[in-house]
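Each chain is listed here by its residues.
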Amino acid sequence: MPENLIQNITNNHTDYLSDESRRFGTARSISFPKSEAEVIQVIKDIRSQGETITTQGARTGIVAGAVPFGGHILNLSQMNAIGEITPDEASGEHRITVEPGATLDEIRAKIAPTSLFFPPDPTETTATIGGMTACNASGAKTYFYGSTRNWITSLRAVLADGDTLTLKRGENFAQGRHFSLTTEQGQTIAGPLPSYEQPKVKTAAGYYVADNMDIIDLFIGMEGTLGVITEIELRLIPRPKSIQALTVFLPNEDSAIKLVRALRGEGSVAIEFFNSDALDLLRHIKTESSAFENIPALKDSFNTAIYTEFHGESDDDLEAAVMRVMEAATALGGSDEDTWYATTDREMEPLKAFRHAIPEAVNLIIAERKKTCPEITKLGTDMAVLDDQLETSLAMYDHGLQQSGLQSVIFGHIGNNHLHVNILPRSMEEYEQGKALYLSWAQLIVALGGSASAEHGIGKIKAPFLQLMYGDKGIAQMRALRKLFDPKTTLNPGNLF
Amino acid sequence: MKICCCIKQVPGTTEVKINPETNTLVREGVETQINPFDLYALEEAVRVKERMTAAGDPSTVTVISMGPPQAEDALREAISLGADDAILLSDRAFAGSDTWCTSYVLAMAVKKLQPELVICGMQAIDGDTGQVGPGIAIHANYAQASYVAEIQEIDAKKLAAKRLIEEGYEFCEVKLPAVLTVVKEINEPRTPSLRGKMAAKKAEIIKWGAAEIEAPAEKVGLLGSPTQVVKIMTPPCREGGEKYEGETSIIVEKLFDVLSCMEVV
Numbered sequence: 001m002p003e004n005l006i007q008n009i010t011n012n013h014t015d016y017l018s019d020e021s022r023r024f025g026t027a028r029s030i031s032f033p034k035s036e037a038e039v040i041q042v043i044k045d046i047r048s049q050g051e052t053i054t055t056q057g058a059r060t061g062i063v064a065g066a067v068p069f070g071g072h073i074l075n076l077s078q079m080n081a082i083g084e085i086t087p088d089e090a091s092g093e094h095r096i097t098v099e100p101g102a103t104l105d106e107i108r109a110k111i112a113p114t115s116l117f118f119p120p121d122p123t124e125t126t127a128t129i130g131g132m133t134a135c136n137a138s139g140a141k142t143y144f145y146g147s148t149r150n151w152i153t154s155l156r157a158v159l160a161d162g163d164t165l166t167l168k169r170g171e172n173f174a175q176g177r178h179f180s181l182t183t184e185q186g187q188t189i190a191g192p193l194p195s196y197e198q199p200k201v202k203t204a205a206g207y208y209v210a211d212n213m214d215i216i217d218l219f220i221g222m223e224g225t226l227g228v229i230t231e232i233e234l235r236l237i238p239r240p241k242s243i244q245a246l247t248v249f250l251p252n253e254d255s256a257i258k259l260v261r262a263l264r265g266e267g268s269v270a271i272e273f274f275n276s277d278a279l280d281l282l283r284h285i286k287t288e289s290s291a292f293e294n295i296p297a298l299k300d301s302f303n304t305a306i307y308t309e310f311h312g313e314s315d316d317d318l319e320a321a322v323m324r325v326m327e328a329a330t331a332l333g334g335s336d337e338d339t340w341y342a343t344t345d346r347e348m349e350p351l352k353a354f355r356h357a358i359p360e361a362v363n364l365i366i367a368e369r370k371k372t373c374p375e376i377t378k379l380g381t382d383m384a385v386l387d388d389q390l391e392t393s394l395a396m397y398d399h400g401l402q403q404s405g406l407q408s409v410i411f412g413h414i415g416n417n418h419l420h421v422n423i424l425p426r427s428m429e430e431y432e433q434g435k436a437l438y439l440s441w442a443q444l445i446v447a448l449g450g451s452a453s454a455e456h457g458i459g460k461i462k463a464p465f466l467q468l469m470y471g472d473k474g475i476a477q478m479r480a481l482r483k484l485f486d487p488k489t490t491l492n493p494g495n496l497f
Numbered sequence: 001m002k003i004c005c006c007i008k009q010v011p012g013t014t015e016v017k018i019n020p021e022t023n024t025l026v027r028e029g030v031e032t033q034i035n036p037f038d039l040y041a042l043e044e045a046v047r048v049k050e051r052m053t054a055a056g057d058p059s060t061v062t063v064i065s066m067g068p069p070q071a072e073d074a075l076r077e078a079i080s081l082g083a084d085d086a087i088l089l090s091d092r093a094f095a096g097s098d099t100w101c102t103s104y105v106l107a108m109a110v111k112k113l114q115p116e117l118v119i120c121g122m123q124a125i126d127g128d129t130g131q132v133g134p135g136i137a138i139h140a141n142y143a144q145a146s147y148v149a150e151i152q153e154i155d156a157k158k159l160a161a162k163r164l165i166e167e168g169y170e171f172c173e174v175k176l177p178a179v180l181t182v183v184k185e186i187n188e189p190r191t192p193s194l195r196g197k198m199a200a201k202k203a204e205i206i207k208w209g210a211a212e213i214e215a216p217a218e219k220v221g222l223l224g225s226p227t228q229v230v231k232i233m234t235p236p237c238r239e240g241g242e243k244y245e246g247e248t249s250i251i252v253e254k255l256f257d258v259l260s261c262m263e264v265v
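Quick mapping for you: the protein sequence lines, in order, are chains Z and C.
Using the numbering used here, read the first sequence as starting at 1 and increasing by one per residue.
Using the numbering used here, read the second sequence as starting at 1 and increasing by one per residue.
Since the hints were derived computationally from the structure, they do not count as laboratory data.
Please note that the accuracy of each hint is not assured.
What the hints assert, rightly or not - In silico lysine-lysine, DSS-like type, Cα no more than 25 Å apart, as pairs: (1) C:K201 with C:K219; (2) C:K111 with C:K158; (3) Z:K286 with Z:K299; (4) Z:K241 with C:K201; (5) C:K2 with C:K201; (6) Z:K34 with Z:K110; (7) C:K254 with C:K175; (8) Z:K141 with Z:K241; (9) C:K17 with Z:K110; (10) C:K175 with C:K202; (11) Z:K286 with C:K184; (12) C:K112 with Z:K286; (13) Z:K371 with Z:K299; (14) C:K219 with C:K243; (15) C:K17 with C:K243; (16) Z:K168 with Z:K483; (17) Z:K141 with Z:K44; (18) Z:K473 with Z:K200; (19) Z:K286 with Z:K258; (20) C:K2 with C:K184; (21) C:K201 with Z:K352; (22) C:K2 with Z:K352; (23) Z:K141 with Z:K352; (24) Z:K299 with C:K111; (25) Z:K34 with C:K243; (26) Z:K241 with C:K202; (27) C:K175 with C:K112.
Stated by the list, open to error - Anything over 12 Å on all C-beta distances counts as not near chain Z; from chain C, calculated: (28) G12; (29) T53; (30) G56; (31) D73; (32) S80; (33) W100; (34) G168; (35) A178; (36) L194; (37) K197; (38) M198; (39) W208; (40) A210.
Beta carbons: idealized from backbone N, C-alpha and C, even for Gly.
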C-alpha cells in the first residue's frame, strides 16, 4: 500500500466533508485509492482500528449519502478507468467495463465517437457511475429506458471484511425471499430478504427486493451499505438515428396534465413538467445573474411547460409523432409558434439549459439566503405516485403551498408521476413550516401507495420517510440484511437507517 | 417594408484546421452554424418586421448568404427563426472572394431586391473583420450605421439608432435605405419554434449565381479580390504557468515573493 494512501483530514479536505445536500459532517482521515487492491487495504486497515467508512464519488448526491459521520472517507474519484467497448454476441449489444469513479461525462465522451448509447441521464452529468449505481440514479429518460439498474450487467464489490464478490446478471437468484452468495474467498453469506412489497411506482427508497430476484439488483441502490462497488459493466445500445425534442408552453396546469395523458401513447422517451412558479423563477434569475443569461427568453404569456423527447429510426417517423402531440397541445391552448422544437444537438442545448437552470436557480437563491440564515436548506421533494393519483398529488402540492404562502417551484418527471417540489424558505420559521408540510405530503403519498423517494435515495436526510414506507418491521428486516454483509456497520453508517 | 438580413455559415467549433497548401479553412466534416452575431441581426430583422407589420406596413424578411451549397442549411435555420424566404448566392466563380468582393456580391443581390433595410451581424467569428456589412452599404450606395445596439424608432423613411462606441453610445438618425450592423446587446435571439422549423423544411431556397445578380467575372472571386491570404499559421501553444500546491498560507507567501520580485506588488 502506498505510504500516504490514508491521510489525516486537514483544512484542504473541507470539500470532502459535504455533498450537494449542503450538509456538513466530520471525518478523521481520507483516502483516494486507485485500485481494488488499495480499496481492500484501506477497508481492512480502517476496520482494524474500529473506525467507520463513508464512500464517496463526485459528491453530487442531495440526500447526504456521501457526508461522513466521523471515521474515514473512502473517495473513489481517482479510481476512474474506463475499459474498451466490446460487442456482446449473445445479446447483440455492446458492453463497457468502468471503475466507480468514472463520471457520466467521461463515459459519454468515451462512447461519443461510436454509434452507441448509454441511456441513464441524471441531470448532474458530473456524477460518478459508482454513485449512480449505489443510488440507482434516474433522469428524464427513465420514463422510457428505466433507471441505471436496467443498464448494469455485472459488478464487483468489496465487502466490509475485505472479501470480494462478482455479481453477474442472470447468475445468482434468490429462492423466494432467501438468498445465498459465496465470496471469492469462499465465505458464504445467506439469509432472508425483507418481506415488504415495494410500491408499484418509480422508487429509490430502501433495498430493492422481490421474489426470486437477481441478487445483483440488491447491490444496485444499496447506498453503500452492503459493500464498496469497484467495477461495473454497462450495457450499451445503438444510438437512435433521430432524436427530437419539444418544449410546449401551455396556458395553465390543467392543460399541461391533459397533454401528459395524451403524450403517454405517443412513444415519448421523456415527459417533464415545469409549473408557472418555475418559469417565473427563471424569468427573475435571468435578469439577476449573468450565469443564467443563456437561458432562452420566456414570453410573458408562457404559464406552464411540458418537455418531451422522441427517439427513433427516422426523422419522418418522429415528425409524425410530433405533429400528433402538437394537435393535442393546440386543442389545449398551446400553439406551434409557442413550442420550442429541436432536431439537432445544438438546438437541444437551450432546451436542456432551461431544464437544468431551475434547480441551479433554487440552489443559488438558497445559498444567498443562507448568508443571513445559515440553518436553512432547500426542501426538495422526490415522491412518485401511481398513475391514477397524478392529479391528486399535484392538487395536494398546490393546495398546501397556496395555504402556506411558501415560495416554491414544481418541476420534474411527470411522465413517471414523479414531481419535485422545491420549497425555498426565507426564514427558520418558514423552514420548519416547509418541513411539516413535506412530512404531511409524504404520509399521504405513502398511504396512496406511492414512494417517498423516487430517485434521490434515502441517504441520511430521508430516513424518516423509509420508516414511513416500511414501518418498524421493514426497517428491522433491512437492518438484519445489512448485518449479514457488514456486522459492525462499518460501511456508510447513517445511510438508510 | 422589405428587410434583408445577411448571414454567414461558420464552423460550429473553435477547433478549426487550416489547409496548409491553400491557406483556407478545412470545412469538410466540420459541424457548422449560423455566425452567432448574425443571429442577433436576424432577430432584429424579424422584430422590425413584426413592429412594422403591427403598425400597418406589411413587412418581410429575406435572408441572404453567400457560400457553398451546404450554406442552404444555415438559410433554412434562419427561416425557422422567423425569416420569410432565403436566397443562396453560390457560384464557383465566387470562390476565393475576400471581404471587398463578398460585400460586392451581397450588394449586387441587395440592389436586385431593393430592400429598405439590410441588417448584418457586426462581424463573423471566423474572419473577425467586421468589413462586410459596411462594404455592402458602400457597394449598394446605402446609408449605414455600424455597431447598432438599439433601433429606437423606425418608419418607412428613416430610423433612429443607438450605436455602441468605445466611449459609450452615440445616437444617430439614418435615412433609408440603409445597412445596419448590430452588436450582441441589441436583443436576445429566439429559440426555433415548431412553426418556424416546419416552414423551414418546406421552404424553397432561391439560388442565384453571378449571372442572376449581373456580377461580371472580373469583379468576383479571386479575380475581383484585391487582397489575398499569403500564409496562415497556427500560433504556438502558450506554455503553462507555474502551479503552487500545498498549505494556503505557504503558497500565498511564495506567490507574494514572486510577485514582489516582478515588482507587480
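Check your understanding: Going straight from one Cα to the other, do K286 of chain Z and K184 of chain C come out at no more than 25 Å?
Key -> 16 Å, holds
Exercise for review: Confirm or reject the statement that S80 of chain C sits farther than 12 Å, beta carbon to beta carbon, from all of chain Z.
Suggested key: At about 8 Å from chain Z, S80 of chain C fails to clear the 12 Å cut-off, so the statement is violated.
Exercise for review: Please confirm whether M198 of chain C is truly not at the interface, meaning its C-beta sits more than 12 Å away from all C-beta atoms of chain Z.
Suggested key: With a cut-off of 12 Å, M198 of chain C comes too close to chain Z, as the shortest Cβ separation is near 7 Å.
Check your understanding: Holds or violated: K219 of chain C with K243 of chain C, Cα cutoff 25 Å?
Key -> 55 Å, violated
Check your understanding: Do the alpha carbons of K141 of chain Z and K44 of chain Z lie within 25 Å of each other, as the hint requires?
Key -> 39 Å, violated
Check your understanding: Are the Cα atoms of K175 of chain C and K112 of chain C separated by 25 Å or less?
Key -> 20 Å, holds
Check your understanding: Within 25 Å, alpha carbon to alpha carbon, are K111 of chain C and K158 of chain C?
Key -> 19 Å, holds
**Study point:** chain Z versus A178 of chain C - minimum CB to CB distance exceeding 12 Å, so not interface
**Key:** Fine: 27 Å to the nearest Cβ keeps A178 of chain C off the interface.
Review point. Does the no-contact call for L194 of chain C survive, Cβ to all of chain Z over 12 Å?
Key: 4 Å, violated
Exercise for review: For the pair supplied as a hint, K112 of chain C and K286 of chain Z, confirm whether the alpha-carbon distance does not exceed 25 Å.
Suggested key: 42 Å, violated
**Study point:** Agreement of K17 of chain C and K110 of chain Z with the hint, judged by alpha carbon distance not exceeding 25 Å
**Key:** 23 Å, holds
Review point. Does K241 of chain Z pair with K201 of chain C here, judged by a C-alpha cut-off of 25 Å?
Key: 19 Å, holds
Going down the numbered hints, you'll see the structure goes against 1, 7, 10, 12, 13, 14, 15, 17, 19, 22, 24, 28, 31, 32, 36, 37 and 38, while the others check out.
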